[in-house]
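Below, each chain spelled out in residue letters.
There are 4 protein chains.
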Amino acid sequence: VERWMGASGTLDVRQTLQIQFADQKQEFNKRPTKIGRRSLSRSISQSSTDSYGSAASYTDSSDDETSPRDKQQKNSKGNGDFCIKNIKQADFGRREIEIAEQEMPALMALRKRAQGEKPLAGAKVVGCTHITAQTAVLMETLSALGAQCRWAACNIYSTQNEVAAALAEGGFSVFAWKGESEDDFWWCIDRCVNLEGWQPNMILDDGGDLTHWIYKKYPNMFKKIKGIVEESVTGVHRLYQLSKAGKLCVPAMNVNDSVTKQKFDNLYCCRESILDGLKRTTDVMFGGKQVVVCGYGEVGKGCCAALKAMGSIVYVTEIDPICALQACMDGFRLVKLSEVIRQVDIVITCTGNKNVVVREYLDRMKNGCIVCNMGHSNTEIDVASLRTPELTWERVRSQVDHVIWPDGKRIVLLAEGRLLNLSCSTVPTFVLSITATTQALALIELYNAPEGRYKQDVYLLPKKMDEYVASLHLPTFDAHLTELSDEQAKYLGLNKNGPFKPNYYR
Amino acid sequence: VERWMGASGTLDVRQTLQIQFADQKQEFNKRPTKIGRRSLSRSISQSSTDSYGSAASYTDSSDDETSPRDKQQKNSKGNGDFCIKNIKQADFGRREIEIAEQEMPALMALRKRAQGEKPLAGAKVVGCTHITAQTAVLMETLSALGAQCRWAACNIYSTQNEVAAALAEGGFSVFAWKGESEDDFWWCIDRCVNLEGWQPNMILDDGGDLTHWIYKKYPNMFKKIKGIVEESVTGVHRLYQLSKAGKLCVPAMNVNDSVTKQKFDNLYCCRESILDGLKRTTDVMFGGKQVVVCGYGEVGKGCCAALKAMGSIVYVTEIDPICALQACMDGFRLVKLSEVIRQVDIVITCTGNKNVVVREYLDRMKNGCIVCNMGHSNTEIDVASLRTPELTWERVRSQVDHVIWPDGKRIVLLAEGRLLNLSCSTVPTFVLSITATTQALALIELYNAPEGRYKQDVYLLPKKMDEYVASLHLPTFDAHLTELSDEQAKYLGLNKNGPFKPNYYR
Amino acid sequence: VERWMGASGTLDVRQTLQIQFADQKQEFNKRPTKIGRRSLSRSISQSSTDSYGSAASYTDSSDDETSPRDKQQKNSKGNGDFCIKNIKQADFGRREIEIAEQEMPALMALRKRAQGEKPLAGAKVVGCTHITAQTAVLMETLSALGAQCRWAACNIYSTQNEVAAALAEGGFSVFAWKGESEDDFWWCIDRCVNLEGWQPNMILDDGGDLTHWIYKKYPNMFKKIKGIVEESVTGVHRLYQLSKAGKLCVPAMNVNDSVTKQKFDNLYCCRESILDGLKRTTDVMFGGKQVVVCGYGEVGKGCCAALKAMGSIVYVTEIDPICALQACMDGFRLVKLSEVIRQVDIVITCTGNKNVVVREYLDRMKNGCIVCNMGHSNTEIDVASLRTPELTWERVRSQVDHVIWPDGKRIVLLAEGRLLNLSCSTVPTFVLSITATTQALALIELYNAPEGRYKQDVYLLPKKMDEYVASLHLPTFDAHLTELSDEQAKYLGLNKNGPFKPNYYR
Amino acid sequence: VERWMGASGTLDVRQTLQIQFADQKQEFNKRPTKIGRRSLSRSISQSSTDSYGSAASYTDSSDDETSPRDKQQKNSKGNGDFCIKNIKQADFGRREIEIAEQEMPALMALRKRAQGEKPLAGAKVVGCTHITAQTAVLMETLSALGAQCRWAACNIYSTQNEVAAALAEGGFSVFAWKGESEDDFWWCIDRCVNLEGWQPNMILDDGGDLTHWIYKKYPNMFKKIKGIVEESVTGVHRLYQLSKAGKLCVPAMNVNDSVTKQKFDNLYCCRESILDGLKRTTDVMFGGKQVVVCGYGEVGKGCCAALKAMGSIVYVTEIDPICALQACMDGFRLVKLSEVIRQVDIVITCTGNKNVVVREYLDRMKNGCIVCNMGHSNTEIDVASLRTPELTWERVRSQVDHVIWPDGKRIVLLAEGRLLNLSCSTVPTFVLSITATTQALALIELYNAPEGRYKQDVYLLPKKMDEYVASLHLPTFDAHLTELSDEQAKYLGLNKNGPFKPNYYR
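Chains as they are written, first to last, in the UniProt record's numbering: chain A, 1 to 506; chain B, 1 to 506; chain C, 1 to 506; chain D, 1 to 506.
Derived by calculation from the structure, the hints in this document are not laboratory data.
A few of these clues could be false.
No distinction is drawn between identical chains; accordingly, a pair holds when it is met within one copy or between any pair of copies.
[Stated by the list, open to error] Listed below are the simulated SDA-like cross-link pairs for lysine to any residue, each with C-alpha atoms no more than 25 angstroms apart in a straight line:
| hint | residue 1 | residue 2 |
| --- | --- | --- |
| 1 | K244 | N503 |
| 2 | K308 | D330 |
| 3 | K455 | T234 |
| 4 | K112 | K244 |
| 5 | K263 | N503 |
| 6 | K366 | L386 |
| 7 | K216 | Q72 |
| 8 | K124 | N378 |
| 9 | K224 | N448 |
Computed from a predicted model, the values in this text were never measured in an experiment.
Whole structure, please, built from the sequences with the hints as guidance.
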């Protein structure tokens with residue numbers, strides 16, 4: 001793959017840091033799952049506008065109650081190897097895809113490069129991800145690189161029906177619609193995999209369900225599979241468990257933990273989405289507000305920086321002394337939650353931990369205090385503890401509940417304690433572009449790796465490719481990299497084309 | 001009024017800076033009009049949620065097409081001296097008012113103080129403003145201070161019908177509904193003023209239409225009127241013109257130009273609403289974006305600070321060398337628009353001027369460039385120049401148009417060039433609280449001023465009262481003022497209770 | 001002067017805001033006096049280096065103990081109408097002046113413009129200011145503009161001897177040296193004024209001593225004097241007192257209160273000098289430190305912004321609710337000093353008030369707390385209260401004292417409570433350039449003003465000239481101003497060449 | 001050691017990340033060496049003040065020209081096993097040490113803990129570091145922990161003579177003075193090691209000279225040596241080379257690369273020292289200045305953040321696309337040096353590379369451009385290329401040269417291209433405290449590690465101990481860590497006492 005990247009040097013496989021599996025969850029401060037994000041990106045956009053246009057309305061207006069499984073549809077070329085809501089929405093989906101293309105420059109650059117050479121020629125990729133305009137750009141890029149693709153949704157709500165229609169019209173075998181049942185979900189996955197005369201040799205997964213299904217139903221398929229690319233925390237965790245148990249039978253690439261993706265998904269994205277999520281739900285003024293942020297990992301760092309810049313007074317809680325010291329040096333008072341809980345206007349959790357904000361703290365908050373979760377699933381705030389008879393819940397807006405104490409005190413709970421930025425804000429296409437490009441390169445690397453480079457284990461994306469993903473996104477900013485001279489490269493002991501940093505660089 | 005404010009000193013009338021009328025518009029960098037703001041605050045809130053609750057749906061669902069003027073309604077006490085959409089919405093309006101009360105601490109503090117003394121006893125206030133939950137809190141405060149109120153809407157779209165219902169139920173003579181015709185508009189104003197056996201002695205106006213109506217129809221009324229309180233730039237401009245022409249026959253208080261209001265409406269509010277408005281409409285990522293902000297007055301300063309903090313690279317254009325030098329010292333490159341127009345991702349106007357972004361510049365922008373106006377009416381961007389046959393307009397979301405050039409280039413135009421923060425974001429209640437409190441104090445001052453303190457001219461709110469407004473908002477932040485010792489006050493030559501700064505302090 | 005400025009419009013004298021004299025000190029938050037600044041700028045530079053070069057050493061090494069008054073010196077052209085330390089230092093002074101010229105672009109631009117026209121032709125300026133390289137650039141500019149100059153020092157310590165020598169060598173009648181006695185001081189002033197056959201027609205003063213001397217000794221001189229330009233707070237105060245008493249017999253220009261100068265001297269300069277002053281004296285690390293800043297005027301705003309940016313946690317105290325609300329919105333907790341005095345690491349006063357930090361607070365500070373004054377004279381911190389027997393003073397560095405309590409607690413007192421930025425940091429030449437240019441323009445304006453434009457009163461620099469000063473400094477930043485189109489100027493009611501803002505704009 | 005740290009859990013040795021040696025220099029963006037830093041910290045402090053006090057003057061005034069090697073001195077207890085400048089300076093040195101103790105809370109906490117237990121009982125530590133007040137606090141802590149110490153200086157200029165005196169008076173065998181010759185240098189080291197009846201079992205080195213000496217002269221000593229603790233980049237590099245060559249015969253601990261030290265030495269420290277270094281040398285105003293920072297590693301990030309906060313316009317150059325993308329997202333334009341070299345006011349190198357600013361660029365800089373190096377040795381700026389006949393060098397202040405082109409253009413070169421922050425600013429004691437504590441813990445760990453935990457290789461400090469160092473510094477900020485509940489620790493799979501992050505966490 002490195003030759004194809006345009007780099008003259010060879011990739012030293014020893015530089016591929018192989019993360020040892022560890023019992024402890026190592027990255028507990030980061031946003032662990034993307035389940036529902038893209039779909040919500042779309043749905044929020046719709047709900048935040050009153051006349052989004054026809055594409056959206058097609059999606060919403062379900063004039064047709066027939067299950068897609070019971071319908072027989074064909075695209076304009078007569079191909080019927082797909083199962084989606086309504087092929088007639090294809091035009092509207094195409095426009096969405098075209099808009100997304102504009103903000104995914106790296107994938108478009110890969111397509112251009114692929115005009116000469118097809119690094120995925122012969123690849124048969126089975127995929128299971130959110131099906132959105134951004135995914136469509138990825139799929140069409142993989143196709144341009146030479147791959148055949150069959151695709152299912154990794155989430156029963158997140159499919160953009162019009163995008164699925166555009167993909168089907170374009171010849172992709174897509175099996176997905178918004179509002180699948182549990183049974184539909186597995187049926188769709190099975191339809192991707194189980195096809196007479198076709199067998200996948202690459203897996204692109206988001207959450208591990210596809211991988212799980214093949215392990216369970218078609219274990220022999222792994223004989224021909226060259227590798228798995230997995231994006232989500234959950235899926236990666238499952239892979240490490242398989243590896244630890246000695247049951248991983250192909251190499252897997254953990255794209256979740258690549259530096260570029262991490263910084264974008266956590267630090268840079270949350271720096272913006274914390275403000276967006278709070279504004280869209282509560283219209284709160286940030287200036288002068290007292291805020292406590294629980295956890296000073298990448299997500300917490302992003303939230304704190306944004307709120308400080310907007311004039312909030314921010315307190316931080318931490319368990320790790322190193323992050324705690326960073327918070328101090330960055331100008332935040334490090335406190336225990338109990339010290340400030342009575343005075344703060346906003347409580348934000350970013351810990352990856354559970355039961356960080358428990359009922360005892362909720363009882364002590366002041367009237368009007370806003371509580372939300374930027375960290376992880378929905379256990380950081382002990383929402384269950386608020387489901388007691390003496391408290392009244394009042395839904396005041398979508399994603400906003402007032403929980404009312406007997407004395408009239410109201411707590412403003414956002415997204416019922418689920419992830420604020422997934423529920424109440426959107427993820428910019430540019431961030432998704434980083435992830436999609438990383439996935440594409442991981443597929444290329446695993447598909448083209450010489451025998452023996454990767455064993456039956458979980459790997460991080462080689463540093464050099466992580467750097468390549470970054471470099472493909474620089475033109476967006478009209479950013480100009482400096483190149484090492486021969487003399488400088490020699491002095492530094494570096495290849496002129498990278499990698500420039502050790503794998504553990506953050 | 002100063003005694004009532006709890007200050008021991010007397011207010012030296014010489015300290016009331018009397019702004020000489022000037023031909024030139026002096027404050028051309030600030031956001032000039034609030035027309036539509038409050039209503040939009042509400043309506044956006046509704047549109048940004050999908051299940052706001054029943055109050056909103058009442059407003060929207062117009063099951064009843066009868067004009068309010070043709071309906072005979074009475075409140076539960078049998079009073080029918082009002083004209084609104086539907087008195088049955090009163091309960092829902094009451095909840096909205098109660099929520100607003102929580103963020104308007106200063107008015108609530110005035111009410112508490114009014115338990116002992118009624119500084120507006122005998123006042124008959126006729127008002128013409130947006131009719132929203134925040135206005136309702138103001139009106140009910142005026143009532144608690146002793147005033148009788150009759151009220152009309154200053155904008156045909158901005159009335160929250162359920163709030164009007166709650167006010168009518170509470171005994172206020174309100175004449176307003178959402179979607180008035182031009183004829184309805186003046187009819188409502190007339191109904192406020194023209195009542196057998198009742199004559200106003202105070203005017204609270206927002207835009208000058210009420211004042212204009214009385215001048216035109218009932219000039220004799222001014223004999224009993226003690227003063228006018230005007231909030232808007234437009235209304236204040238009209239008053240200065242009247243004054244200049246020697247036709248102003250009562251004192252008028254310009255609350256638009258008080259320091260507190262200015263800083264909040266412009267610097268602090270725009271610092272937040274520029275981010276909010278851009279995110280809600282475009283989901284754009286701010287990090288790394290190149291942005292040009294036209295104008296470095298208070299609004300421009302707010303926009304620049306926010307975008308810089310979010311990682312954008314910001315360029316500034318200015319005509320005034322002093323503001324230009326401030327931009328330099330604050331770390332922004334000062335350019336002419338033509339120097340950067342080809343490279344920027346976002347163009348924001350904050351000048352108060354017209355034709356700042358003309359077709360020539362729009363032609364040179366790059367594909368995907370976002371263009372919006374934070375400044376003033378809808379002439380800063382020459383939108384009219386885009387209405388030519390070769391350009392295609394595509395409405396992609398509410399408030400978002402793609403304007404498409406023949407070569408496929410798209411410009412993203414927000415709110416059709418109207419004010420972004422009024423159209424696409426909300427104004428926090430806390431900001432409106434500053435304004436409403438200033439209005440209440442201006443009424444008290446004019447109503448209680450001894451003979452001769454104010455002549456037939458336009459006045460700024462006395463500094464001391466501006467300081468009082470600020471002090472009433474400090475408890476929200478748990479902020480503790482320091483008091484001067486006698487010795488210190490003497491040393492500084494200040495009264496211990498203020499005013500602490502000259503009137504021109506900004 | 002406006003024609004000469006290159007502006008086509010006429011200067012409307014009504015736009016010259018005439019500040020009414022007020023008993024109270026109006027600007028109590030700003031740094032009131034520049035006494036000693038320039039000299040210290042120089043002397044610190046010397047002390048902060050160990051081998052500054054020969055110029056400095058000439059100044060310091062006083063091989064010659066003879067009083068300059070007893071020496072007979074002539075410059076290379078045989079002119080002896082001056083009294084300085086040592087004419088032989090002229091070369092070294094010339095280099096200092098040349099270096100300063102590089103950072104005073106506005107004065108150099110005035111010189112260039114003066115090649116065609118001499119707006120000060122016939123002016124006989126008597127000046128009394130600090131005599132430094134920057135002043136020399138001003139004097140040589142006035143000379144290029146057509147003026148004759150005679151000059152004395154306004155401070156007995158601040159003269160740079162080598163600069164005085166270069167001026168004398170260049171033909172200026174300078175009477176000043178470092179280390180004058182009180183008697184020398186007045187003798188020098190008298191020598192400037194009292195010369196057979198020469199009478200000044202303009203006064204440039206810094207502190208009011210020169211003006212005072214002429215009032216007292218040569219009152220008749222005022223008959224020919226066209227005006228006074230005064231820079232310092234103290235001098236301006238004296239002028240307002242004269243005016244109030246009806247004794248001011250010529251127009252005076254208060255350049256201290258021009259916007260440009262204010263912002264530079266206070267906000268922008270202090271934002272940098274607070275960090276510089278603290279580092280040079282204590283090497284303290286800012287990150288994580290808790291700091292309380294007393295006063296949130298321009299100086300306080302600058303200090304707070306800088307320390308927040310460096311990672312300190314900053315608390316603010318204020319007496320004025322408006323500034324207090326600004327502090328809140330800018331993200332600082334507003335407290336009373338007593339609330340945080342036990343916990344803070346650094347205490348900074350910026351109030352312009354006296355006895356802000358009294359013994360009671362000093363007693364409660366924690367061990368190692370740093371205390372300094374950025375505000376005003378040396379009374380903000382009650383240093384006198386620390387001169388008691390039970391406390392031990394230990395001088396640990398220049399400008400740094402440890403005050404030691406009986407229990408061993410040490411307070412780190414900087415500059416014995418005098419102004420930190422004057423004592424322990426330097427003022428960039430660029431800031432002095434703003435001031436010097438303002439002085440030059442004020443002289444031109446008063447000298448050329450038509451009969452009747454200015455009466456016997458104290459005036460602010462016309463807004464237009466303030467804008468002109470700013471515009472002359474923009475090229476330093478390669479900053480490009482936008483010009484109004486005719487249509488825009490008409491729309492705004494502005495002259496295309498300014499003024500662009502009302503006089504009270506800050 | 002973990003038990004002694006107060007943690008109940010056991011330290012899993014597998015968590016000690018063993019960095020494989022790599023040919024390339026991996027951390028090329030960080031400040032590589034501390035040679036001279038501490039000494040300069042002191043000497044700058046002295047030169048920046050004009051009356052530092054007697055301690056300093058003792059150091060400087062060398063009334064006694066006799067070489068210490070020729071003097072026979074004894075401390076007050078009759079002990080003469082040391083060789084220093086002048087034992088009589090001990091009192092002054094003691095005061096310096098006491099002041100340093102106040103800002104080294106972690107070492108003082110270790111001493112307190114050592115009252116019960118002596119983890120270094122029996123340790124015989126031979127050390128070679130800068131000999132400053134901060135080192136003295138470290139040495140006295142090691143002694144309190146049970147160790148015997150013999151010490152030499154790692155730099156011929158950096159010794160604070162009065163501190164060495166205080167240590168000798170306190171019974172330490174110190175061999176060091178300011179201004180040693182090369183021969184003195186090795187003589188001192190030898191005196192530490194080569195003592196009848198005493199043999200070291202631990203080495204604390206800074207630069208590797210001590211280690212080198214023992215390897216060369218007393219290789220048999222390694223039989224009894226339990227380990228080496230090395231702080232500097234250079235020393236660590238030498239150790240990796242030894243290891244690679246199979247010649248490392250004891251375990252070595254690389255304390256240079258611990259997270260805490262890295263963040264403090266690079267990001268947080270440089271964020272402050274870039275401002276300090278520029279101000280002390282040039283008094284430049286930062287506001288509005290255009291600056292290019294070469295390299296966006298930790299040092300570059302710190303420099304950029306500080307200058308942006310002070311109102312500079314900052315451009316960045318990078319070779320690594322990941323760091324480049326970070327620069328973009330943080331709001332800096334990424335350029336090639338050639339694009340901006342003509343327009344910038346300040347050029348700062350932070351690359352770790354050589355010949356970054358070459359003559360070609362220096363030729364194109366504008367008049368007055370300031371050039372300095374924050375990165376690495378003195379090769380980042382090609383200073384040698386400026387030593388040509390047509391260029392004139394003028395020393396204008398200590399550490400400041402004007403290099404003058406034939407056309408009169410001047411470049412302001414700081415510290416002759418050596419490290420600005422080592423030459424022209426100071427390092428706060430708090431930063432040195434982090435390093436010293438890390439050294440102490442590394443000694444404890446190696447000395448107490450059970451057989452087999454460490455092999456003959458180079459190790460990073462175990463994460464847990466890095467966290468412990470951080471935790472010991474939190475009380476300085478009155479910072480309160482949150483503790484995991486049992487349930488939470490289980491959920492996260494973490495030990496309640498840490499380590500909380502993987503070793504590669506940054």
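Any hints this thing doesn't respect? Which numbers, in order? 4, 7, 8
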